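Colleague: Protein chains in written order, with this note's numbering: chain D, 1 to 228; chain W, 229 to 533; chain L, 534 to 813.
Accuracy of the hints is not assured; some may be wrong.
[What the hints assert, rightly or not] Here are the simulated lysine-lysine pairs, DSS-like style, with alpha carbons at most 27 Å apart:
(1) L/Lys571 x W/Lys315
(2) W/Lys320 x L/Lys809
(3) D/Lys80 x L/Lys571
[To be verified] Between beta-carbon pairs, the in silico distance windows are:
(4) L/Met608 x D/Gly219: 45 to 53 Å
(5) L/Ala557 x W/Ile528: 29 to 37 Å
(6) D/Asp54 x L/Ser750: 30 to 38 Å
(7) L/Asp698 x D/Gln47: 13 to 21 Å
(8) L/Met608 x D/Gln47: 25 to 33 Å
(9) D/Asp57 x L/Arg575: 44 to 52 Å
(10) L/Leu744 x D/Asp124: 49 to 57 Å
(11) L/Ser754 x D/Glu71: 48 to 56 Å
(12) L/Glu786 x D/Glu108: 39 to 47 Å
(13) L/Asp698 x D/Ser223: 49 to 57 Å
(14) L/Met608 x W/Gly355: 29 to 37 Å
(15) W/Gln290 x L/Ala557: 50 to 58 Å
(16) L/Ala557 x D/Thr151: 22 to 30 Å
(17) L/Glu786 x W/Phe345: 55 to 63 Å
The set of hints was computed from the structure by calculation and includes no laboratory data. Given the structure is predicted, the values throughout are model-derived calculations rather than measurements. Cβ coordinates follow ideal geometry from the N, Cα and C atoms, glycine included.
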Amino acid sequence: MKQLLFLSFMLLWQVVSAQDPNELVKAVRLKLEKVKDYSADVHIKAQVPMIKIDEVDAKIFYKEPNQMKVESKGIAILPKQGLGELNNFLSNEKAYTCALNGTKMLGEVKTSVVSVLPLTENADVILVKLWIDPVKDLILKSQITSKSNGTLDINYFYGDQAKYGLPYKMVFTIDVKKFKLPKSVAADLHQNKKKPKTTEGSQTGTIVLQISNYKVNQGIPDSKFKAN
Amino acid sequence: MNQEPIIEVKGLQKNFGAFTAVKDVSFTVNKGDVFGFLGPNGAGKSTTMRCMLSLIKPNAGQINIFGKNLFEARNEILAQVGSIVEKPDFYKYLSARKNLEIFARISGADVSQQTIFETLDFVGLTGREKDKVGGFSHGMRQRLGIAQTLLHQPELIILDEPTTGLDPQGIIEVRDLILRLKNEQNKTVILSSHQLAEIEHVANRMVIINKGQTIIEGSVSELMNAQETLLSIELLQRANEALHLLQQQFSNIKGEVISPKTLELNVERNLIPAINSALVNGGFAVVALEPKRTLEDFFIQMTQN
Amino acid sequence: MLWKNTYNEFIKILAKPRSYIGLAALTLLILIILFAMKADGRMYISFVTASFEQTLSFNGNILNGNLIAFIVLQMLIVHIPLLVALVTGDLLSGEAAMGTLRMLLTKPISRSQVVISKLIAAAVYTLILVVWMGFLALIVGRWMFGTGDLIVLNSDGLVILNYADVLWRYGLAFAVAYLALMTIATLSIAFSAFADNSIGPIVSTMAVIILFTIIGSLDVSVFDHVKPWLFTTHMASWRSFFSDPVPWSAIWESVWILLGHNILFVAIAIFKFKRKDITT
């Protein structure tokens, strides 16, 4: 009897906690949509195979719907996707459908894993997987699989700006098996001493963004985003 | 004349591979000489002169200049030598003055701008000092070449074929310059030529070389007088009888009758006055006595053997 | 006497039209590269970064003066030896051809000093070429394209160097490139000591460079023991300053090998020239 009780309690709890994945995504999306624009300082630490770069400070600017700009004195390497693209992708709710893939513990948080499938044909994005904190309506992890880029994992860490869904830290894990160097350009000295590195097999790189000094919804003119 | 030797060349030999350019050349040049260095083309003159200027290293033999071995005291010696080898070549893209400045700077002496102008004046190039040498005629280059040899007031001037390629006017000018060097500046000059006339006019001593060997060396006048001359005698008539008379009076006279009025004799030059007297005393009417053999013939004769 | 003749050599080089061919050609080449980069530099960059750009985005002023200078150096390292040899290969043999060598060598200056004074003049000329190239590439490049981090493609990947970390690399890179060009200069002077015409040494120098470069790039194991000793292998050593970390030991090795070649070529030039019979 006790066992039955426990079992039915578990079932009940599951029904209660299991939410509509579309609602989960919508909650996240609405939170993100509170952000009309923002600017922030970014400290970028990239550890990508075949690329050697120091840590760089840059400034990022965002304005809805999809204007994004990175300003840096030096050269800053950022993932091609994952900064503005995800928000942009989620903002059009007719373009995808969601499915719940169960739950998973991320650290101490129990997250709902939601698969987002694009409905449009020939879309570059094949699948987006989101690990959503259902309590705070925050994406803690995303995984974007696309035709052109393979798989990109992003982990999000939230602080002061959690109310806007803006993280203070993002860790990108990128797939680099596609890097190929143009041979003719790379004809340099001492090459017979080192074995030329190839990215055969699955190598991954990480790019860590430390984001601070958010200024949200303070208005940024469109001219800021024009290429100079 | 002072007999202090300035140049002593002994047993000079130079091979270029299997070809022997100079076999055995020796001669001595004394202070104050205008010394003629004579030989046909290819005799080894140029090679010898290049050896004397350290342009070519001889295989054997000795060259002493100013009493010092050339290869031991090269720079010391060359500081007292001015030279033109073959023909004077200059930096065509530089002016006459700049060229002289360049050569003066490494001549071993301090040459003032004034000396440069004076020297240009000496060779008659005043007014052309700013012109690029590229536009100079051969004669002007030759004169500039001589100027270049004089800048540092050398004791010895070596000129290799200084009149080659010059027009008659240019030859006279250069010849005149050489005589002025000797007379006005008391230089010792050595000049090479394949033409006797050149040397006959200016040199007091000479050496003749052929096929890389010294043939003869001595004073120009001695060499000329000591040798047989072909004497052509023109008479009013009776050439036959005249030859007969002379052969009676002078032993060993060889000659032949060319025409009834002309005969030719091989005699020593210093006999010519006596021959003349004998003919006149013998009642022959002498129209002309012409010594046909000059050093030129001698030269040809020497070098043909 | 050495300095007097060195002074003469400067006068000669300054007066020779061909000395300016090198400078003019260099100026023209660099200006063309600068212009091309200004017009279409993004294309050039994307060729290098293309394989990364699907995944990563490169932000900031990539096409800056520092990169331009690097591109210029990389492109011209093939051509500048010709410009150097054009002048240095002519130094001894040109005078032989002109006849002035005869005049020069009957002066009280030793033949070794003649060679050394010409070497000094060649070194200064080459330095002027390198400094001029540096000025055009780096100073004019920065003026036209601004400064910024330098992105360099090496055989093992992209290196992005902080703009503040670039100048000393260029300084040393130009110094090593200068040493490499001096190797060309001394080689051509050595050839020049053997020849009596000015074309021969220039062509011979270029022929040696081409031959060695081909041997160096042939992937045949027969040449593996030869390659490290070819001076052409080390001519691109300046590039190593743009690796991170800088492979100091490899650079030093290149410097020693290049220096060794310099000394060898000068020794050959002096040895030959001292024994040469001047027959022109």
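Colleague: Confirm or reject each hint.
Modeller: Going down the list of hints, with the structure as the test:
1. The suggested pairing of L/Lys571 with W/Lys315 is violated, with an alpha-carbon distance near 55 Å, which exceeds 27 Å.
2. For the hint linking W/Lys320 to L/Lys809, the alpha-carbon distance of about 24 Å falls within 27 Å, and the restraint holds.
3. This hinted pair checks out: D/Lys80 and L/Lys571 have alpha carbons roughly 26 Å apart, not beyond 27 Å.
4. Against the hinted window of 45 to 53 Å, the Cβ-Cβ separation of L/Met608 and D/Gly219 comes to about 47 Å, which satisfies the hint.
5. At about 57 Å, the CB distance of L/Ala557 to W/Ile528 disagrees with the hint of 29 to 37 Å.
6. Checked against the hint of 30 to 38 Å, the C-beta distance between D/Asp54 and L/Ser750 comes to roughly 33 Å, which is consistent with it.
7. Between L/Asp698 and D/Gln47 the beta carbon distance is about 18 Å. The supplied range of 13 to 21 Å therefore holds.
8. The given range of 25 to 33 Å is respected by L/Met608 and D/Gln47, whose C-beta atoms sit roughly 32 Å from each other.
9. Checking the proposed 44 to 52 Å range against D/Asp57 and L/Arg575 shows it is violated: the Cβ atoms sit about 25 Å from each other.
10. For the hinted restraint 49 to 57 Å between L/Leu744 and D/Asp124, the CB-CB distance of approximately 50 Å keeps it satisfied.
11. Look at L/Ser754 against D/Glu71: about 51 Å separates their beta carbons, and that is inside 48 to 56 Å.
12. The given range of 39 to 47 Å is broken by L/Glu786 and D/Glu108, whose C-beta atoms sit roughly 55 Å from each other.
13. One distance hint, 49 to 57 Å for the beta-carbon pair L/Asp698 and D/Ser223, is violated here, with the actual separation near 33 Å.
14. The given range of 29 to 37 Å is broken by L/Met608 and W/Gly355, whose C-beta atoms sit roughly 51 Å from each other.
15. For W/Gln290 and L/Ala557, the hinted distance range of 50 to 58 Å is satisfied, since their beta carbons lie about 52 Å from each other.
16. For L/Ala557 and D/Thr151, the Cβ-Cβ distance of about 55 Å falls outside the hinted range of 22 to 30 Å, so the restraint is violated.
17. Look at L/Glu786 against W/Phe345: about 57 Å separates their beta carbons, and that is inside 55 to 63 Å.
Consistency note: the structure conflicts with the earlier hints numbered 1, 5, 9, 12, 13, 14 and 16.
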